[in-house]
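Start from the sequences, fold in the hints, and give me the full structure.
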Amino acid sequence: MTMTDKDIEIINEITNQITFYGPLLIIISGTLGSLCNVITFTSRQLRFNSCAFYFLCSSIFDLFYLLFGGITRLMIDHFSNVLPNTSVLLCKCRTYLVVVIPSLSTIFIMLASMDRCLSTSNSRKWRNLSRINIAWRVAIITLVILMFSTSHILFLFELRAKDVNSNTYICGPRNNIYKIFISIYVFLIGPFMTYTIMFICTMITLIRIRTLKYRMGYSLNRRRKVYEK
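Numbering-wise, our numbering comes out as the position in the sequence shown, counting from 1, plus 148.
Treat the hints with care, since some could be wrong.
Beta-carbon label-pair distances, calculated as ranges [unchecked claim]: (1) Phe340 x Arg275: 23 to 31 Å; (2) Met351 x Glu157: 52 to 60 Å; (3) Phe168 x Asn276: 46 to 54 Å; (4) Ser191 x Lys327: 42 to 50 Å.
These are calculated hints, taken from the structure and not from any lab test.
Where is the CB? At the ideal position from N, CA and C, for every residue including glycine.
Have a look at this one:
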């Protein structure tokens, strides 16, 4: 069974509608969710909580990524006359921000788990690191380091013609060596490093909380026995 030109045209139109309204729905719902998170983490009860501050930073960068990445992708695919896919500057800047922003969001969640780990430490010295003024400094340092360490994307990504006749271009690494490097780099600063640290900190926090709960229970039992005597 062969497809006619009309069938192909219908399929293309359906695909075009899905790729337009699907991301649009995600952008709207995601923006509302992110704004709710921002409102929650800026409430009076959480305003000076270091862990809530890290979650607030993560929510803000999630919102930036959703708006920037989603809207630019939508405009490139459906409004190429407004935002052309032949811009070298757009290629470099969009790739850079699409890597940096979600990485920052994930790293701030990692910092939140580290903060909870520090707050449950037996050492007062380590617990003192779980403060809002320390969180501000860590956030600024993290932002600067990640922005500079990822700046190579601005220089080593380029726009290449995929099909000159159809005016199709792709934005990608300059050579195969850098392609391998960027794949490893994104993996290391993304899932591997952050999730490994989050897992370790979560396990340490859980063990400390259970140990504290056991000690409190043991202490209460001893007091109860003393009173019974």
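Inset, instruction - Determine which of the earlier numbered hints do not hold for this structure and return their numbers in increasing order. - result: none
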